[in-house]
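Trainee: Model the full structure from these sequences, guided by the hints.
Chains as they are written, first to last, in the working numbering: chain D, 1 to 158; chain W, 1 to 378.
Hints in this document: simulated from the structure, not taken from any laboratory.
Don't be surprised by glycine CBs; every beta carbon is placed ideally from N, CA and C.
Worth double-checking, as some hints may not be accurate.
Computed footprint of chain W on chain D, listed as stretches where at least three residues anywhere in the stretch have a Cβ under 8 Å from a Cβ of chain W [claimed, not checked]:
#1 23 to 32
#2 36 to 50
#3 78 to 87
#4 99 to 108
Counterexamples of contact, computed for chain D against chain W with all Cβ distances above 10 Å [to be verified]:
#5 P3
#6 L6
#7 D75
#8 D91
#9 H127
#10 P138
#11 S142
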Amino acid sequence: MRPELLRERLGPLLGPRLLAVEPFDGTAGRVRFAREGALDLFRAVRDDLGYRHLAMVGAVDWVDHREVFYVAWSDQERDYVFLSTDLPANDAHVESATPVWPAANWHEREAFEMVDVRFDHHPDLRHLLTPEEYAFHPLLRSFKLHEPEELEVKTRNV
Amino acid sequence: MWINMGPQHPMTHGLWNLRVRIEGEIIEEVDPEMGYLHRGIEKISEDRHYNEVITLMDRTCYVAGMSWEHLYIIAAEQALHLEPPERAQFIRTLADELQRIASHLMWYAAFVQDLGLMTPFLYGMRDRDLILDLFQSFTGARMTYEYNRAGGVRNDLPNGFTDRARKVMDWLDARFVEYDQLCLDSDIFHRRCDGLGVLSARDCIDWGVTGPMLRSAGIKRDLRKDRPYAAYDRVEFDVAVADGADVTARYLVRMEEMRQAVRIVRQTLDWLDKHPGPVLAERLPRWLGAPYAPVGREGYLLKRNYPTGRGFSSVEEPHGEAQAYVVNTGGEHPYRVKFRSPVFVNIAAAQKYLPGYRVADIPPIMGSVDVCVGEVDR
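Mentor: Structure follows, in structure tokens:
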């Protein structure tokens, strides 16, 4: 599916919440959207365009803002689509994709602990790879390597 | 009652903790705890030269290092606007398939040991060593190869490699028959595997499950066919599919994949025999970091025009579909590297395919997932 076709199909559904559709090699296109349209876009991409298989969710820290991206695969198109949204760094939250793609669960937990993005209405937003008490977000640019941090880890009572 | 299976447990194959809530013998709920092997590979990559990240890729999944190198290097080449020569593409295809056989043999050995079958374990490890010998002859290492480079591969195959590889492939073809005899003809195998860990095709897609687990549910999907990379569009092979979506079906898919991998290896060897040529693109910038030797000081002193770009790649790794996303904002280091591990997703779906079975069924079911914790935690 070409970027123009993506814009044609998604434009009427999202209106101004669809910011741009750019070509991106290796995928059908890079869809940039405003976070208010997150769930509508996910549903449209999954049900109308047929991208039923969520491959990954990740986040990039651009210091002044944070970018959350989603990659989904369609068996009919045999192609990926790349969705991305920009969030302000001091208020980084976006609607969780778990109601549309259950696969987003762990990816969002990882983005939450690593890049400090909150996913609203996520069923289980706990840390995944770091301990629950870990107060740092390692994949933020402000987190420098080679500076040891004090950390007290408690074991969980079972 | 909650019980912890892990972090030290014979079932886990790596360091992770499967917390299960049981009612009598029946599993009610599962909560995998990951992160014991988290090394921050995505963070460390931000301080490394593009070629130096390859070292980390070998450690991401220590039984499928070559596939992960390949995954990263496709995304990095796209972000850096580099094109590898044709011969390098075929060598990568060959190395990927050898890695697939080695990884599946490792899985076979570990999986049957979970079932209590000791003999196949020894056979699997023995034959995997033959593949590692091949790797050693052209990369110099048995597990951590550091063989791919942005713009190609490090060195060409040594003299006589193709003949040696063909002999190993002939040997393996005969062994696959023995493996099946040892397992499929065994009553114990069927009693412990048939009808366990069923994950339907619909659940597979909803939960993002890929690889042999998806194909065992009857969905014919393989990135090597659907979205060919390297030289996969120029070799012939069939996608291994099975019905049943249970542990036995996953066994059948992986066994068939090994046979198909042997087929692909033979075709790439024939091509490589006939088409000598360069294996690394010419005029690579020094700041990529060590095509042959560490970067000298002059690499930092000259002003240069760095390219910018984003790279996205997706390969069919032995465990499933892996993705990489590389952001290059201009400079000697990647700005951000993100990896998607297939096992990460396949374990996340455990809450769909474990509940309802018995505690004693956990080792065969989790064994059939082919867990490699290195790539889950990264």
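Trainee: All hints are to be evaluated individually against the structure, with a verdict given for each.
Mentor: Against the structure, the hints:
| no. | hint | in the structure |
| --- | --- | --- |
| 1 | 23 to 32 | holds (count 4) |
| 2 | 36 to 50 | violated (count 0) |
| 3 | 78 to 87 | holds (count 4) |
| 4 | 99 to 108 | holds (count 6) |
| 5 | P3 | holds, 14 Å |
| 6 | L6 | holds, 16 Å |
| 7 | D75 | violated, 7 Å |
| 8 | D91 | holds, 21 Å |
| 9 | H127 | violated, 8 Å |
| 10 | P138 | violated, 5 Å |
| 11 | S142 | holds, 12 Å |
Figure legend: structure checked against the earlier numbered hints; hints not met, in rising order: 2, 7, 9, 10.
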